Each structure stands twice: as structure tokens, then as C-alpha cells.
Amino acid sequence: MSGKTIAEKILGSHSLTGENVKVNEIILAKVDLIMSHIGTAKVFLDFQKIRPPKKRKVFDPDKIVVLFDHYAPAPTEKWAAVHDLIRKFVKKQGIKNFYDIREGICHQILPEKGHIKPGMLIIGGDSHTTTYGTFNAASCGVGNTDLFYAYVSGKLWFRVPQSIKFEISGKLPYNVMSKDIIIKIAGDYTSEVAIYKSIEFIGETMESLSIASRMTMSNFALELGAKFAFGVPDQKIVDWLKERTNDSLDLIKPDDDAIYERIYEIGVDDLEPQLSCPHTIDYVKPVSAVAGTKINQAFLGSCTNGRFEDLEIAAKILDGKKIHPDVRMIVTPASQEIWIKAAKSGIAEKLINAGAIITNPNCGACFGAHGGLLAPNERCISSSNRNFQGRMGSNAAEIYLGSPATVAASALKGEIADPREF
Amino acid sequence: MAIVGKKPIKDYEDVIRGKIWLFPDNVDTDAISPGQYLDDLDATLHHSCETIIKQFPMEVKDGDIIVAGKNFGCGSSRETAPAILQEKGIVAIIAESFARIFYRSSIARGLPVIELEKIPKQFQTGDKIELNIPKAEVKNLKSGEMLQGKKIHPILLEILKKKGLIEVLLSELKGESE
Chain A
1 MSGKTIAEKI LGSHSLTGEN VKVNEIILAK VDLIMSHIGT AKVFLDFQKI
51 RPPKKRKVFD PDKIVVLFDH YAPAPTEKWA AVHDLIRKFV KKQGIKNFYD
101 IREGICHQIL PEKGHIKPGM LIIGGDSHTT TYGTFNAASC GVGNTDLFYA
151 YVSGKLWFRV PQSIKFEISG KLPYNVMSKD IIIKIAGDYT SEVAIYKSIE
201 FIGETMESLS IASRMTMSNF ALELGAKFAF GVPDQKIVDW LKERTNDSLD
251 LIKPDDDAIY ERIYEIGVDD LEPQLSCPHT IDYVKPVSAV AGTKINQAFL
301 GSCTNGRFED LEIAAKILDG KKIHPDVRMI VTPASQEIWI KAAKSGIAEK
351 LINAGAIITN PNCGACFGAH GGLLAPNERC ISSSNRNFQG RMGSNAAEIY
401 LGSPATVAAS ALKGEIADPR EF
Chain B
1 MAIVGKKPIK DYEDVIRGKI WLFPDNVDTD AISPGQYLDD LDATLHHSCE
51 TIIKQFPMEV KDGDIIVAGK NFGCGSSRET APAILQEKGI VAIIAESFAR
101 IFYRSSIARG LPVIELEKIP KQFQTGDKIE LNIPKAEVKN LKSGEMLQGK
151 KIHPILLEIL KKKGLIEVLL SELKGESE
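Here the protein sequences come in this chain order: A and B.
Numbering-wise (the working numbering), the first sequence opens with residue 1 and increments by one.
Numbering-wise (the working numbering), the second sequence opens with residue 1 and increments by one.
These aren't lab readings, by the way, just hints derived from the structure by calculation.
Derived lysine-lysine pairs resembling DSSO-like cross-links, with alpha carbons at most 27 angstroms apart: (1) B/Lys163 / A/Lys30; (2) B/Lys6 / A/Lys57; (3) B/Lys7 / A/Lys78; (4) B/Lys7 / B/Lys54; (5) A/Lys49 / B/Lys7; (6) B/Lys70 / A/Lys22; (7) A/Lys57 / B/Lys174; (8) A/Lys55 / B/Lys163; (9) A/Lys155 / B/Lys151; (10) B/Lys121 / B/Lys19; (11) B/Lys6 / A/Lys55; (12) A/Lys22 / B/Lys161; (13) A/Lys322 / A/Lys294; (14) B/Lys161 / A/Lys55; (15) A/Lys54 / A/Lys88; (16) B/Lys10 / A/Lys49; (17) B/Lys10 / A/Lys155; (18) A/Lys88 / B/Lys6; (19) B/Lys70 / A/Lys285; (20) B/Lys162 / A/Lys57; (21) A/Lys55 / B/Lys7; (22) B/Lys174 / A/Lys54; (23) B/Lys121 / B/Lys135; (24) A/Lys92 / B/Lys174; (25) B/Lys70 / B/Lys139; (26) B/Lys70 / A/Lys184; (27) B/Lys163 / A/Lys54; (28) A/Lys63 / B/Lys174; (29) B/Lys161 / A/Lys155; (30) A/Lys30 / B/Lys161; (31) A/Lys57 / B/Lys163; (32) B/Lys151 / A/Lys30; (33) B/Lys6 / A/Lys49; (34) B/Lys135 / A/Lys22; (35) B/Lys163 / A/Lys155; (36) B/Lys162 / A/Lys49; (37) A/Lys91 / B/Lys174; (38) A/Lys30 / B/Lys174.
Note that the structure is predicted; figures quoted are calculated from it, not measured.
Excised from the complex, chain B in its bound form:
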């Protein structure tokens, strides 16, 4: 089943640096994880986001960051959407807004998601940025520009720090038996 990625969830870090991919508004989960390939991980890896940015599935690298417009991840509740982006190496997503299921599934999977009210027009695919997750600060390392995003709620930040909700649950269960 495609819904299980092969890569383990990355360790949480407060500050990450990476190259960005600029995505438009309303990127839907069918574009990220097409319905046709839900039973095929390789095909999903091959076709993910191809209708948005043709070269994305071929050229995305481990450690890259997505910077998107409004309503990122709209549509289906399929968790293969954030999962496949993690599998492709994406380490964080910054967007003007997120569809709510995509947002909460990303948190649940330990994938940092930061809301930034307005993505500056100067941002381009390939720019390097530095993201401070707890402070929700985004620094464009090319222009030096610093932007303030919306801070992740402390309760949700804790879930990210523990590498997602499965780890949270497993440690809660462990706590019960001790």
C-alpha cells in the first residue's frame, strides 16, 4: 500500500535551512497524491505535483521546503498527501493558508507547517531560506529579507517535537503501564 512511506519521520530541529519550491494557491491533494495511484508508492512518487510544477517530482531534493499560496492541501483527507511530500524529502511547508485536514495531518506526521500571511512576490523557486519553527521566522538567505509568520500553537509544537502523534500516543501508553 502506498499509504506507508519508507522514510522514517525526521528528527525535529528548531531551525532548518533549505531550497524552496514556489507553489500557487489551491494546490489540492489529488495533485499531490493522485487518486489513480493510491495503491502504488512508486507511481505516486513519480507523479506527485506534476500538474502544478512539471519538474517537481524529478528534481525535488531532500531538505527542500515548499512555499505556497492560499489553501494548500485542499480536497481529500488522504494522508498520503503530506506523507508523499515527506517521502520526497520536503522538510517544511510555508503557506498563506492551509486546508485544515492537511494542516492537522502534517502536524500528526511531524511535518512543520507555518502560516505566513503574504508570500512576497520576490520569492523564487531555488531561493534558499532559513526557517525558525518556534519563532515562525522566515529569512530569505538571498535577499536577507526577514518575515514573521504565525506561530504554531504550543500544544501542536509539542507534537512536532515528539515527531508526531504516533510517538505521542506510544509514549502515553508507556506512561500508563509504568
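This is chain A alone, in the form it adopts within the complex:
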């Protein structure tokens, strides 16, 4: 019998229908953690269908995390009412892990607050739930109805995915970031390369990357279709998490003879900064091919790239300079912890002095519903993860996705610019 991948091990240990799981099999598994934000409102409405009312109970309030990151604080009366409804629901259900509008983006908050541990099976009402793969957890997004089913029963069906590996080697050049690696992968192998599949990112480059840089890749992997997106299972994860939880942290490693559908080898020694061009994430060009394209807005934030190192590299590029007068630069730290660190270290001041604005931690401009929308024919360079037509406002606007360094360099010049020149 062959060995097991990380996905097979974690799904196997959570399966209620037999531990020895096989690829493409559908299993019923218990989940360790459920995360939901605004979709909690729909879960609440579905709860009202349960009769009698005394049976309207979540399976385990301590295994649920609810927070507000989209539409936070409420931009309209309608969303205020939704928030109100969710606040009452979590109180009634005894869900103590509730983070109101003050904390930040779910995919940053859950690891920061110590909710994520290696080997967990996690579902979230947000597509980029793959991010926790960096911490050796099997985590994926689901819709509201699946959430509801798990909220009540503590279990859900899963298809056991095939696994693929991306082996990354080499040393990233100056001002080239992990975002450039993952965008390059999207360009070379398309947004379908990992549909229904579990990714394991491995290799010397991955080992050298910070936790934040790894999270960028596990996050953006969703845009490649991934179900799970594991980073390297190493001591760095344990060191990062043990500051935040007292629980035991046992890494799940794949067996040497585990079966992978394909192994992709990526070298980064000569990697140029990359951009996803309008309107798909896999329409990729090196920055040099589109440099000089005028921009109206630069967005630095999101669950992909709103972390401290992202703000830090932008501040380094913008320090003592002024962004182009025709550009609005919006910076949205991913969490309060990051915001405070940026303030204390002087990075926030550098960004503001350069002409950027800094918002409260939330999903912000990324999803086109809450601050920083684009007018027709405007163009934005963004450190987020989606450039779909209409994503950030007008259907006639254009979004280019790149690294925080590319966003900062472009804000400075008023046009798409190569961060290696700074």
C-alpha cells in the first residue's frame, strides 16, 4: 500500500466513514473549526427552519469563530441590521469566539488569535479559507448552506482530493515577492491547475519564506482552484503558533511514498515581478511588459497581502517620497495587530507622509462593496487576489494584481512600475 499525502492523512483522521480514505471517494468527516463572517446571517435564517425551536443549537459553540471583516464598520443601514442580527445570534448561541468590527480580516485573525493548529480540518464561509494551509491545516471554503449543515451537525461531506506539488527552488531577487511566484504559477499553469486538488508547496524557497509570505501563496492558491494549499510543515509554523496558543502542535507530514498526480518545478532565481492583467488572474505578464500603463488607484491590503512585511516593503519604497498626485493610495492593514505594529515602527507615518491613506483593518476595496470603488475607465493596481471585471466597482474599470512592492512602486510613478528600480 502506498503512503499518504497531507490531505489524505487529515481527512482520514477526521473521517466518520473509515480512516483509510481514497482519492475521489466522498467521505463524511467531523470538522474541528468553522469560521463564518457575514454569511452567518443566512445560517441564522436557516436555523429558524428547525422545529421545535429548542433544537436550534450549534453543535459546539467553542468550535465556531464568527467575525466581521466584509462591510466593517457597516456602510449602510441594511448591513448594520445584518450585523445586529449576527451579534444577537452569537450571544444567544454562546459563541465566545466572536470578533466584532474592530479586529480585521478573518484569514489573519484566526491564526493570530490562536484558533489554527496543524492537522485541523477547517471550513470557512469564505473562499480564501485555504490560507490556513500555511499552518498545516486542511481548510477550505464552503457556501452558506454547507455552513449551516456543519453548524448544527459538526460534520460535512468531503471529496478526497488528488494532490499536486509545487516545488519552488532558488533565491528570490531583490524586491520580488512570494506574490510574484504564485502569479507566475497562475500564468504558466492557468486558474484551473488545482481545481478539486490539494496543493503542497515544497522546496528550499518555501522553507526560506516568512509565514506571511507563505500565507500569500496558500491564499492565492484558491484562485488556482485549490481545495487545500499546504505550506511546508516545518518548525517555523510551530514557532509562530506557540506564541499564540498553549495547545500541542503536531505537524502532519506526507509519507515519502505518497502519490501525487503531478509535481511542478518552479525556479525563482531569475523571476521578474509579475502581474495578473484584466480581467482574469491567469492572464499574466511580467511587470516590464506593461510598465508605463497609467493608474488611478493603488490598493495595498486584503487577506493576500495586507500583512506587516507588505506594509514594510511599501514604506521602504515610498520613504521620504510622494506618491504621484493623480493616484489615490489606499492601505488597509489585515489586522489591528499589524496596524499597531505599523504605527509603532514608524511605517504607518512613512506611508501617510508619502500621501497614502490608511483605513481600519477590513476587506475594504478588494471586493468592491466598501470603500475604494472604481469609476468607469479607471485603473487600479492592487495587492489583492481578484481582478474580475466589475470586482472593484465599474464593469468598465481595470484591475492589475501584483505584489505590495509593485503596488508601491506604481503608486509613486503614477503608472505600472518595476519595484526592482527602487
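Using the hints provided, position chain B relative to the given structure of chain A.
Here is chain B on its own, set in the frame of chain A:
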């Protein structure tokens, strides 16, 4: 809140017939359910898929079927995407592949989704097809051509037959109390 449709989930039927709408590869959930209108059902109904097929939101009829390329429903986990298509009258989606969250949310909502390896070039918007869901057979009623899709896993077919996961859960809870 827009995330609740007004129409009840349709009863499951093994065989359905309908007019098709041909969609390209990589139709994302922002196109189906734009982020700007997540709090407004009427606006979402008005703008759904307009960037893909301009006349779709105006002309789609109850009982129509979407036939799409690869990676249908990619992007956000918002369940408003399959929900709004059901609200518009779509009764099934056939695609070369689906983004996984869209796929599982469709099953959870009782919306049949069939994978068909290659959509033939001759298929055109407006063609009538017959879809046998358990057999995953697609018959073009205009050309008579018969195509074999990938069968839905029996466990997931059961969820469809029960009109979705909410009904499954409610009947499980009912079973517990008896």
C-alpha cells in the same frame, strides 16, 4: 438581504428538458452575483451575468439550462451565485468543470450540476436539450447528438433528490427525535 431567494427549491426530476444558454470558460461569481449588489436582490437579478451575456438577465426563462466551459463559478464562496441563477429560473448547469465551492453549494441547494468533458462546438444558445441527471446523459434535441457526462456521486445525488442539504438536515433532526 439578497442572499435569500424568493422561489422555493424545485422538486427533483430525473429527466429535464430546457433551452440552453452557452457560457464561456472562467465565469466568476462576481459576474453572476456582483459584490456591489449583495444587499439588493432586485439589483442582483437585474445585473446577473450581464458582463458575460448582455441579454441574459433580461431574457432568461424559467426552466433554462446553462452550458458552460471550464471553471464555472470560480471566485468567491458567495452562495448568492447559484441562488440567483435558481431565482432566474435556471434548473441545471452543465460545464466542462466547476469551481469546487460553486459545485458543492449547487448540490447543497438542490441545483443539478453535471460535468461534461468537452462541450461540442455545435451547441448554441437557444438549442433545446434533454438532460438525464442520474445517467449524466445530455441529448441535443435539435441535432439528436447524445453526450455522456460524468455521473454525480450517489451520495450527492441523494442530496439533490432531497432538494438540498437543509432538507437533509431537517429530516436527520426529525429522525433523532423519533
